[in-house]
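Colleague: Take a look at the letters that make up each chain.
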Amino acid sequence: MIKHALSTRLWHWINAVAIVVLFMSGLNISNAHRYLYWGDYGFDPADAWLSVIRFPGWATLPQYYNLAMARDWHILAAWPFGIGLLFIWIAMLANGHFRRDLTTRPADWTLAAVIASVRAHAPAGDGAAHGYNPVQKILYGLVFGVLLPLMVFTGLAISPGFEPAAPWLVDLLGGRQSARSLHFLTAWGIFGFFVVHIVLALTDWRLIVEMFTGGRRNPAPTPVTATPLPDAEPTLVRGAPDHG
Amino acid sequence: MADIKRRSLLAGIAALGAGACSKVAESDAGQTLFKGAEDWHRVAHRTLGGRQGLAPEYAPADRSPTFKGNGSITVDSDFYRAQLGQGFPDWRLMIGGLVERPLALSLADIRALPQRSQITRHDCVEGWSAIGEWTGPQLSALLDAAKVREAARFIVFRCADTLYGNAYYESIDMVEAYHPQTIIAHALNGEPLPEKNGAPLRARVERQLGYKQAKYLTGIEAVASLDGIGRGKGGFWEDYAGYQWYAGV
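Chains as they are written, first to last, in the working numbering: chain A, 2 to 245; chain B, 95 to 343.
If you're looking for bench data, these hints aren't it; they were derived computationally from the structure. Be a bit skeptical, because a hint or two may be false.
[Said to hold, decoys possible] Example chain A residues on the side facing chain B (calculated, C-beta under 7 Å, incomplete):
| no. | residue |
| --- | --- |
| 1 | Gln64 |
| 2 | Asp73 |
| 3 | Pro161 |
| 4 | Phe163 |
| 5 | Arg177 |
[Unchecked claim] Here are the in silico distance ranges between beta carbons for each label pair:
| no. | chain 1 | residue 1 | chain 2 | residue 2 | range |
| --- | --- | --- | --- | --- | --- |
| 6 | A | Tyr66 | B | Gly326 | 20 to 28 Å |
| 7 | A | Val147 | B | Arg145 | 31 to 39 Å |
| 8 | B | Gly326 | A | Val147 | 40 to 48 Å |
Predicted, not measured: the structure shown is a model, and the values here were computed from it. Even for Gly, the Cβ is constructed at its ideal location relative to N, Cα and C.
One chain only, chain A, in its complex shape (with noise of 0.2 Å):
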């Protein structure tokens, strides 16, 4: 059985590639009023909660501060984002894998799920090839119902030209001020996401392969039917754990 479907594949890619130029001309963007607010208003300094950085152009997307650029790029990747979002959730609801990977129990909700998550990762952990463990449930999860969402519907609440569409939703997330705040913080969250997803990824490149070409889902504990030659290679009958 085919271990990632391609709407999933699909999905992955186009919305690694919007993130990435989303984050990057997002922070461009950012450099424009470097000052978070809560409330409706806001554009005194001094009434700021947050003074963010400056971010240097290697962070940014263009590579030098320009606003009009950032927001060609921005607008045009929050496309692909929003509608690939829906694309996923409707693909994920129709074909299980939001049962199967992303709903939890109680029981993964405890203390001892998570560690017994972490063991199983862990290099020399032999569970890593049956799905989901509690802790990816919870991670993907979060990801998924709470911060892609919420990117979304805090980008929308704070175009002007939307507004009429759902003023509920500014006044929802606090004023105009704290949608854009929770639109910064929220990139972050993603941000940190992004980064152990990556690095969980590359300690084995087998992950990254199959997310092109699908691989192949372990139905159970694999017995090994066929002896193995003394010389063979471990690795190649583990197969690769599930998930970055």
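Using the hints provided, position chain B relative to the given structure of chain A.
Modeller: Below, chain B alone, put in the same frame as chain A:
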């Protein structure tokens, strides 16, 4: 060793990505894509919120204690300074272009029209917001008085101020021009417009960002096309800095 390779690979990918991005941005296809994405936002906003959908209006207590002045904060001319001192007795707002009845309105004429007051939020493209109460006639009333011709597709705001040596101007389409909250404001928070906020007259286009809110208005012009006005992109910031013409995102 593997780590160093991996790191230089990542740096290489990042540089390649940034280089590819600037190639895309400079290409005709890239520009078409950006413009398309901007247009889709406009269409989506108006489909979801309605062509006449209203921007939120606030209570008096929600107003910000002051209202930031940004961009041009004065007009550098003797005429302006003299008029500012006297309450703009000789200031005229010319309404022309594709209209059957060109008008030249004094501030007294503008104050004599039916007025709309709205407490709205001003969002600068940079990210900050301020809230204030604006008062003035609806632009639609002025356009109806001047009898705009069928051929008109955009309304251009002409301004007295200059930035970096070029005249400020802005433009909106007819949907935005006839929106009920699009007004020509002569007062902020019950007082005549302060100098830094565009005295004596400024546009309020409440569903768009700050750079659309043209200040120091001298003229309103109905046109069929934005070509030949300024550098043809529909506004000062659009012409000289590449800002998006649709400022609703």
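Colleague: Given Asp73(A) was flagged as interface, is its beta-carbon under 7 Å from a beta-carbon of chain B?
Modeller: With a minimum Cβ separation of about 4 Å from chain B (threshold 7 Å), the hint on Asp73(A) holds.
Colleague: Is it true that Tyr66(A) and Gly326(B) lie within 20 to 28 Å of each other by Cβ?
Modeller: holds, 25 Å
Colleague: In this structure, is the beta-carbon distance linking Val147(A) and Arg145(B) contained in 31 to 39 Å?
Modeller: holds, 34 Å
Colleague: Gln64(A) was flagged as interface toward chain B. Is the shortest Cβ-Cβ separation under 7 Å?
Modeller: Hint on Gln64(A): holds, closest Cβ of chain B at ~5 Å, below 7 Å.
Colleague: Would the hint on Pro161(A) be counted as holding, given a Cβ-Cβ threshold of 7 Å to chain B?
Modeller: Holds, about 5 Å.
Colleague: Let's test the interface hint: is any C-beta of chain B closer than 7 Å to that of Arg177(A)?
Modeller: holds, 5 Å
Colleague: Taking 40 to 48 Å as the hint, is the beta-carbon distance of Gly326(B) and Val147(A) inside that range?
Modeller: Holds, at about 44 Å.
Colleague: Using Cβ atoms only, decide whether Phe163(A) comes closer than 7 Å to chain B, and label the hint accordingly.
Modeller: With a minimum Cβ separation of about 5 Å from chain B (threshold 7 Å), the hint on Phe163(A) holds.
In summary, the structure agrees with every hint in the numbered list given earlier.
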